[in-house]
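Each chain, letter by letter, is given below.
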Amino acid sequence: MKLAIDETRCKGCNLCTKVCPYKIFKEGKKANRRGIIIPELDRPERCSNCRLMHLYGRTLCGVCQLICPDQAIHWVEEQPYEPQKVAIEY
Amino acid sequence: MSFEDWYRQDRLPHIFCAGCGNGTIINCTLAAIEQMAWKKEETVFVSGIGCSSRAPGYIAADSLHTTHGRAIAFATGVKLANPDLNVVVFTGDGDLAAIGGNHFIHGCRRNIDLTVVCMNNQIYGMTGGQGSPTTPRGCISSTTPYGCAETPFDLCELAIASGANYVSRWTSYHVKELEKSVLAGLQTPGFSFIEALVQCPTAFGRRNKFKQVSDQVDYLRTHTMLKAKRDRLLDQGQHIPPDMYIVGELARRNRPALGVK
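Read top to bottom, the protein sequences are chains A and B.
Here the first sequence is numbered in the working numbering, starting from 1 and rising by one per residue.
Here the second sequence is numbered in the working numbering, starting from 1001 and rising by one per residue.
Heads up, some of the hints might be wrong.
Reference excerpt, derived from the structure (chain A facing chain B, CB under 8 Å, subset only) [as the list claims (entries may be wrong)]:
#1 Thr8
#2 Arg9
#3 Cys13
#4 Asn14
#5 Leu15
#6 Ile67
#7 Asp70
#8 Gln71
#9 His74
Calculated directly from the structure, the hints in this document are not laboratory data.
Predicted model, so just to flag it, every value in this text is computed and none were measured.
Positions of the beta carbon are idealized from the N, C-alpha and C atoms, including for glycine.
Make the full structure from the sequences, and use the hints.
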């Protein structure tokens, strides 16, 4: 699973940057076509929910999805054999 | 299946302003309903008039968008006509405390099996930022340009005094706690009242020195105190700051309820 922001729904309130325990969401810099500055994802492979959602069979943290007032944050299935980055945390 | 399936995808994105907390409260409520495993055909959402009351329009279940302040009155009718339905009421502070105040008190007194989620943004947001009965003292709105001089309503105390079975208060920052609280309210037979303080960046925040949405969310985070901590401080005889909101489960009891299936 991987984290995705729906650009058609996000209104750029940056609430997700406040709640993520890993600080995955960063305030964006460039406005998109609708003039909305959408948050950027900083190494989204660190998200615990992405890695462990299938193993546990439930949403583990999900605070960003719950707090997003515009229902823009969701998890999508990866394509088969999609290259993956691995983040090592110390 | 997640709570996303309860949304009407064709109606999204919704019309709430950027950073409005109402969407958060709908997320938490739907996540709790999802855990109850209710069917969409057996669930009815009732709302009055206001920003918060647009919520049922985005939910793929039966809904009733009623006149101003009369959401609980209509919900009483729905519940008593068919007690098998699960009725959830979305309402705002102007809807519940000002125009529908008497319906609220009598809903609590009758202890009907409803779950009322009140999105308290402390202002009339939709009509242009007039002061509501829950606007805190000293806050600026378009009808109180020199600061609100009235003492605000404490809706939770009102619900406890009127006899609701389950009363709790959370904010839009405490999403997980709010979800658990709504779940407990849905499971409790009888009237359950959940007050959720939300940020209103357009009508409340920009008049009251909250330039960013996150400033007001930070205020909600830092100016809330758990009920257990409040009780501990009272026992020790310490001072509690007057601008603190007491959050947590404020009442849970087992009074005789009406309309339980």
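Should the interface hint for Gln71 of chain A be scored as holding, given a Cβ-Cβ cut-off of 8 Å against chain B? Check passed: Cβ of Gln71 of chain A comes within 6 Å of chain B, closer than 8 Å.
Does Ile67 of chain A hold up as a contact with chain B if the rule is Cβ-Cβ below 8 Å? holds (5 Å)
Holds or violated: is there a CB of chain B closer than 8 Å to the CB of Cys13 of chain A?
holds (3 Å)
Practice prompt. Double-check Leu15 of chain A for me: the hint is only fine if its C-beta lies closer than 8 Å to a C-beta in chain B.
Written response: holds (6 Å)
| query | With 8 Å as the cut and Cβ atoms as the points, is His74 of chain A at the interface with chain B? | reply | Since the shortest Cβ distance to chain B is 7 Å, the answer is holds.
Was the hint right that Thr8 of chain A lines chain B, CB cutoff 8 Å? With a minimum Cβ separation of about 7 Å from chain B (threshold 8 Å), the hint on Thr8 of chain A holds.
Subject >> Evaluation of the interface hint that places Asp70 of chain A against chain B, nearest CB under 8 Å >> reply: holds (6 Å)
Subject >> Arg9 of chain A as an interface hint toward chain B, with CB separation required under 8 Å >> reply: Hint on Arg9 of chain A: holds, closest Cβ of chain B at ~4 Å, below 8 Å.
### Task
Using Cβ atoms only, decide whether Asn14 of chain A comes closer than 8 Å to chain B, and label the hint accordingly.
holds (6 Å)
Figure legend: structure checked against the earlier numbered hints; every hint is met.
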